[in-house]
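Asker: Here is what each chain is made of, one letter per residue.
Number of protein chains: 4
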Amino acid sequence: MAGSTLGTIFKITTWGESHGEGIGVVIDGCPAGLSLCAEDIQTFLDRRKPGQSKYTTARRESDAVSILSGIFEGKTTGTPISLVIFNQDQRSKDYGEIASYYRPGHADYTFDAKYGFRDYRGGGRSSGRETIGRVAAGAIAVKLLNQLGITLTSYTKSIGPIDCDEQNFDAAQITKNPLYMPDAKAAEEAQRYLDQCMAASDSSGGIIECIIKGMPVGIGDPVFEKLDANLAKAIFSIGAVKGFEIGDGFDAARATGKQNNDAFLLTPDGSVKKATNHAGGILGGISDGSDMILRAAVKPTPSIAAPQRTVNRAGEEINIQIKGRHDPVIVPRAVVVVESMAAITIADALLRNMSAQMADVKAFYSHET
Amino acid sequence: MAGSTLGTIFKITTWGESHGEGIGVVIDGCPAGLSLCAEDIQTFLDRRKPGQSKYTTARRESDAVSILSGIFEGKTTGTPISLVIFNQDQRSKDYGEIASYYRPGHADYTFDAKYGFRDYRGGGRSSGRETIGRVAAGAIAVKLLNQLGITLTSYTKSIGPIDCDEQNFDAAQITKNPLYMPDAKAAEEAQRYLDQCMAASDSSGGIIECIIKGMPVGIGDPVFEKLDANLAKAIFSIGAVKGFEIGDGFDAARATGKQNNDAFLLTPDGSVKKATNHAGGILGGISDGSDMILRAAVKPTPSIAAPQRTVNRAGEEINIQIKGRHDPVIVPRAVVVVESMAAITIADALLRNMSAQMADVKAFYSHET
Amino acid sequence: MAGSTLGTIFKITTWGESHGEGIGVVIDGCPAGLSLCAEDIQTFLDRRKPGQSKYTTARRESDAVSILSGIFEGKTTGTPISLVIFNQDQRSKDYGEIASYYRPGHADYTFDAKYGFRDYRGGGRSSGRETIGRVAAGAIAVKLLNQLGITLTSYTKSIGPIDCDEQNFDAAQITKNPLYMPDAKAAEEAQRYLDQCMAASDSSGGIIECIIKGMPVGIGDPVFEKLDANLAKAIFSIGAVKGFEIGDGFDAARATGKQNNDAFLLTPDGSVKKATNHAGGILGGISDGSDMILRAAVKPTPSIAAPQRTVNRAGEEINIQIKGRHDPVIVPRAVVVVESMAAITIADALLRNMSAQMADVKAFYSHET
Amino acid sequence: MAGSTLGTIFKITTWGESHGEGIGVVIDGCPAGLSLCAEDIQTFLDRRKPGQSKYTTARRESDAVSILSGIFEGKTTGTPISLVIFNQDQRSKDYGEIASYYRPGHADYTFDAKYGFRDYRGGGRSSGRETIGRVAAGAIAVKLLNQLGITLTSYTKSIGPIDCDEQNFDAAQITKNPLYMPDAKAAEEAQRYLDQCMAASDSSGGIIECIIKGMPVGIGDPVFEKLDANLAKAIFSIGAVKGFEIGDGFDAARATGKQNNDAFLLTPDGSVKKATNHAGGILGGISDGSDMILRAAVKPTPSIAAPQRTVNRAGEEINIQIKGRHDPVIVPRAVVVVESMAAITIADALLRNMSAQMADVKAFYSHET
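Residue numbers (my numbering), protein chains in the order written: chain A, 11 to 379; chain B, 11 to 379; chain C, 11 to 379; chain D, 11 to 379.
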């Protein structure tokens with residue numbers, strides 16, 4: 011089944027394997043007239059690029075984007091925007107061995123079972139490099155949202171057992187440490203923790219949080235196209251994500267109604283606000299104008315240097331030791347992926363919402379607004 | 011935007027409001043030749059019917075299903091199956107008051123903002139009664155899955171702070187207590203806790219768990235149509251869900267790779283198995299043949315009898331007290347909704363998977379295999 | 011596969027068989043705030059109702075619509091509108107015989123081959139009664155379009171060899187003859203022709219034309235979602251349609267560029283117009299503001315009283331004679347079906363078009379327009 | 011709105027402008043294990059390449075395809091196949107003039123109206139070069155169909171008033187004349203006719219026919235996803251198509267039931283056949299196992315050398331004369347485009363059909379077939 015297309019109006023299609031010619035994405039349905047250049051996209055790609063610190067793989071990739079269509083005179087034309095990032099460091103010789111066995115925690119076995127065989131070089135389509143297309147598209151979605159006064163802030167909330175302390179939250183810190191944590195102290199601790207993991211040939215999971223400010227009220231549709239449902243799908247479609255929550259999330263399951271309900275009140279300018287935001291900005295699947303807050307639980311990098319038990323394609327139980335250097339934690343590089351998927355989902359929902367009321371449709375087509 | 015249709019091949023469309031004529035669902039794309047009668051569906055609907063215990067609303071609804079199309083001589087024909095459940099207890103007079111203000115934790119405000127007005131009777135389309143259509147469709151999906159050897163077991167994992175103890179797990183208990191908990195002791199404690207909540211005019215959240223056994227390997231598609239991503243969307247589209255996880259879920263974010271990786275091994279018959287199941291039955295978005303385990307965090311019932319602060323449509327801050335009797339906890343009645351959404355999602359994924367390999371396509375069309 | 015849902019934003023799902031409980035449609039994504047009552051829909055259904063003249067089947071059906079959801083206080087709420095028309099004259103005893111063989115020109119054989127068996131009563135889902143759901147939805151789409159200043163005029167262009175003469179076109183005539191022809195003289199001739207067909211136990215085909223006035227410029231999307239491509243699909247999805255064309259259609263294939271090109275000119279008020287309209291109101295798949303003109307070729311009713319050769323399910327060649335009275339021509343009753351499908355398609359395209367330009371998106375979300 | 015993606019399981023997404031970096035297509039959902047190399051695709055592209063005869067534009071383009079993903083060890087992997095054809099002859103200087111005005115018969119005006127501006131170089135996205143992506147995808151679809159015993163034969167049926175004579179039909183002729191006509195005599199006449207058109211600075215339309223042999227019975231879904239409805243959409247989405255028909259098409263509208271009905275009979279091996287094939291291989295939207303026959307009416311090339319009246323963006327009526335050399339007829343190069351769109355549509359329908367019967371689903375998942 012075709013699984014590489016997402017969205018209804020703002021629609022993206024990604025392609026490419028870790029060690030193929032390249033990775034790309036087609037963004038269709040972006041409104042015409044959005045100013046866009048390669049640098050807008052490159053800035054995002056650089057946030058997930060390998061080789062940024064000792065906590066990321068040393069694979070050498072400039073991950074430079076080329077725009078092949080959809081932009082004319084510096085603006086989107088309304089037609090598909092095709093972006094490609096050619097692979098450079100395709101040393102597939104490293105991967106000859108993994109062709110024969112199933113790495114624990116990876117999709118080697120399930121791909122083989124589904125398709126009969128697989129492009130085993132670097133994980134092929136199930137590689138983390140698949141997210142490059144998402145991030146390239148996310149850069150465009152974020153630019154679109156910014157034009158509407160919507161901003162996203164994303165960061166590492168925790169690494170293994172090390173949590174950021176909300177009291178210490180400082181957005182300026184996020185880009186000042188290699189882990190993208192908004193709490194300098196926690197970032198230091200987390201680095202020490204990761205150093206231990208690496209020393210033990212082990213890896214760590216973590217939690218990513220994304221806050222979206224400036225959301226209009228009314229975005230998202232009832233029933234199956236709830237905004238949080240689509241965010242859940244988009245975030246869960248990122249390789250290593252094992253949990254997703256909005257607002258108080260799993261804590262809400264422990265709470266009572268008195269604790270969890272957000273009272274409505276009026277702002278001095280007469281608009282409706284919530285006194286608290288346990289809901290995380292969504293009520294009944296529709297944005298309520300408060301900050302939207304979402305979190306993704308990311309599992310530890312499955313590629314660890316320690317010996318592991320597994321099975322090979324010949325049907326034998328074997329011991330393996332995965333070679334090469336791998337990220338001891340996926341989380342920091344996945345921060346921009348979560349932000350991208352959130353932005354793509356919200357952009358699509360916004361564009362779908364313009365015809366919710368007959369009065370808006372009439373106003374648009376009378377051209378008298 | 012149209013938000014009431016879900017699925018690609020096994021596709022459902024729901025309709026209906028709490029106090030309208032009725033609630034219904036159209037299931038399109040169910041394979042022809044599945045034996046099906048009204049009782050198959052009624053059994054599921056009865057699991058979410060109100061009035062089953064003191065922990066559920068006293069609204070009187072028989073929730074009797076009528077099959078209007080798609081069945082002939084006791085079997086599905088491959089054409090749309092239309093099911094309707096007519097509303098009986100539509101005393102909308104109770105709801106005149108809530109027309110004027112926004113109930114905290116409900117979608118009154120966001121519906122008004124999105125559509126300009128709303129069917130305020132009993133929450134209209136955002137009512138919990140909307141899930142009737144899902145459960146009716148879920149009954150069919152479950153019957154289809156059962157034919158393929160796949161079974162689902164769903165239950166209440168926790169109510170507020172009261173968790174089931176895995177050591178005490180007893181599937182036979184699930185239907186023996188009004189909370190659908192598989193741990194008799196926890197069920198008793200939870201009932202005491204709910205009694206306290208009710209006495210305090212308060213309500214409780216909880217967690218639902220669903221285990222799917224007998225899954226074939228290879229179901230789910232890479233990238234955006236991962237099986238867990240579609241499960242996340244389906245489960246998150248249920249009204250009060252605020253969190254979703256697969257396998258170890260958020261705990262995986264605290265773990266290390268050594269702890270979280272599931273080694274592969276061989277069973278005596280030579281098939282591949284995992285030694286553990288932290289992944290919850292899905293690797294790279296594709297089922298790995300282990301049990302699939304998912305959890306949904308459900309928020310406390312927002313309708314509580316205690317006084318609350320809110321805002322009315324006239325733009326005034328007011329105190330309200332919601333009348334009528336409401337479920338002090340949504341969780342027990344939502345168990346079958348979670349199971350239904352999981353089954354619908356898996357049924358669709360299974361039907362989509364049949365053309366993954368060229369060899370299968372050729373075998374099907376040669377009819378000579 | 012699910013084939014009973016159409017549309018992206020204005021989305022319809024139909025269900026029901028000729029001799030089942032009833033026929034219905036769910037319309038999802040209709041903007042909130044459109045005034046709507048049962049009579050708006052009934053008027054359309056009455057245009058396709060049987061028993062209107064000697065040229066239509068005598069089956070007794072009032073085809074009375076019930077609105078089950080989506081309307082509140084006389085207006086659409088933005089949630090799914092569920093419409094049902096219960097069958098009355100379900101004398102399925104007449105159909106016992108056709109269970110065993112394949113009627114020429116019908117879908118009996120292909121349904122059996124596809125699904126393994128079929129609801130043979132009155133053609134089941136492949137019956138002409140399936141179009142009731144389309145027409146009910148079409149009534150809503152037309153009402154929506156009318157609010158935007160768009161009107162549709164549909165009629166019988168030809169019956170067998172009898173064509174309307176464009177010189178005699180009189181829209182007022184359309185409803186004055188049982189064939190819905192805009193040329194009184196042609197209507198008389200066509201009736202004589204049909205009398206001959208009936209006397210010969212034969213039937214006739216014909217052509218339906220639909221003109222859409224008041225279209226805004228810019229509706230339809232490039233490449234696969236061209237407005238004419240979606241109209242082609244929508245019209246071709248009507249049972250007996252074998253051909254479709256826009257503007258000059260097949261005549262354009264005989265023409266030269268000089269003949270076929272429509273020069274642009276300016277109207278006194280400075281807007282752009284075309285001097286001619288060979289294109290039928292669409293250029294590059296996008297509406298150009300001229301009248302849209304489309305035609306559908308409808309095959310002769312396959313149910314004829316004359317003896318025919320066919321094959322039965324037991325694998326024998328047999329002679330059959332189809333009993334009961336059948337329309338000698340489908341065309342007059344299909345006129346409103348063509349109009350409905352055109353309106354549904356255009357409504358969806360209009361709602362999709364509102365986000366084509368970034369400036370419009372910004373204006374909508376700044377709420378300063 | 012996103013309009014560049016087509017299909018449900020076999021899904022294609024095209025991108026690119028006439029004078030941008032290149033043209034491409036992503037094919038997602040192609041089953042794994044299909045042998046595929048660049049030459050398979052190049053053969054198809056060469057059939058629509060410019061510069062093949064004096065009847066096609068002299069633009070120099072090798073139209074060489076690169077495969078960027080989805081193939082491993084010579085076979086499809088089940089993941090997206092990304093194909094790109096880089097533009098070479100991008101002399102956009104020729105197009106400065108047409109930036110300012112609207113060419114009759116082109117989409118310049120409608121693109122401007124829809125998007126606010128347009129990539130005017132060579133028609134941008136509305137250029138005939140957009141079909142390159144379709145043909146590249148079509149090559150893969152045809153290869154897939156061939157594996158299932160399905161073959162497509164496509165040719166020019168008529169050029170302007172010159173029709174092929176069915177009596178002279180000789181498939182071997184198709185590739186022996188520059189017009190792809192299966193009738194050598196008609197091809198000569200048509201060339202004389204085109205010479206006259208060119209001498210008169212004029213152009214010609216024509217009709218393309220496609221015959222599909224070897225179709226299994228049962229492909230296509232009832233109601234909106236009828237196989238002919240999807241073929242209609244796919245073919246009508248090709249730029250210059252103004253009419254589409256199946257089987258007898260518009261002639262069926264002139265016929266009677268006795269003439270048009272195809273009797274069923276038995277072949278010596280006991281299978282069901284039709285005595286005639288007025289239906290063109292489809293009954294009730296589902297393939298009946300006979301040859302499928304479809305035709306597309308193609309309008310004359312709108313770019314003619316003769317002077318024309320039009321309007322410019324400054325709102326003035328002007329006389330224009332389009333420079334450069336243009337195809338005097340689109341039809342011969344569009345033959346492979348029609349075939350490609352037909353193949354893409356059929357491939358998708360075939361893959362969707364595999365779950366129509368519960369017995370097939372059970373057989374697939376029991377792996378005992």
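Check each hint, because a few of them may be wrong.
Copies of one chain are not kept apart here, so a pair can be met inside one copy or by any two copies together.
Stated by the list, open to error - Only pairs whose alpha carbons sit at most 30 Å apart, straight line, appear in this in silico DSSO-like list of lysine-lysine:
| id | residue 1 | residue 2 |
| --- | --- | --- |
| 1 | Lys223 | Lys283 |
| 2 | Lys153 | Lys223 |
| 3 | Lys153 | Lys372 |
| 4 | Lys195 | Lys85 |
| 5 | Lys153 | Lys85 |
| 6 | Lys85 | Lys223 |
| 7 | Lys59 | Lys372 |
| 8 | Lys85 | Lys186 |
| 9 | Lys372 | Lys333 |
| 10 | Lys195 | Lys333 |
| 11 | Lys372 | Lys64 |
| 12 | Lys85 | Lys268 |
| 13 | Lys59 | Lys153 |
| 14 | Lys333 | Lys223 |
| 15 | Lys372 | Lys268 |
Calculated from the structure, these hints are not laboratory results.
Asker: Now, for every hint given, state plainly whether the structure supports it.
Answerer: Comparing the hints with the structure gives:
1. Lys223 with Lys283: within (14 Å within a copy, 45 Å between copies)
2. Lys153 with Lys223: within (14 Å within a copy, 38 Å between copies)
3. Lys153 with Lys372: Classified as both; 28 Å inside a copy, 12 Å across copies.
4. Lys195 with Lys85: For Lys195 and Lys85, neither the intra-copy (42 Å) nor the inter-copy (51 Å) Cα distance is at most 30 Å.
5. Lys153 with Lys85: within (12 Å within a copy, 37 Å between copies)
6. Lys85 with Lys223: within (26 Å within a copy, 33 Å between copies)
7. Lys59 with Lys372: neither (46 Å within a copy, 32 Å between copies)
8. Lys85 with Lys186: neither (32 Å within a copy, 46 Å between copies)
9. Lys372 with Lys333: This pair counts as neither: shortest intra-copy Cα distance 63 Å, inter-copy 39 Å.
10. Lys195 with Lys333: Classified as neither: same-chain Cα gap 33 Å, cross-chain 49 Å, threshold 30 Å.
11. Lys372 with Lys64: So Lys372 and Lys64 fail the 30 Å test inside a copy (57 Å) and across (42 Å) alike.
12. Lys85 with Lys268: Answer is neither; intra-copy 50 Å and inter-copy 35 Å both fail.
13. Lys59 with Lys153: Cα proximity of Lys59 and Lys153: one copy only (20 Å, versus 38 Å across).
14. Lys333 with Lys223: neither (43 Å within a copy, 35 Å between copies)
15. Lys372 with Lys268: neither (42 Å within a copy, 38 Å between copies)
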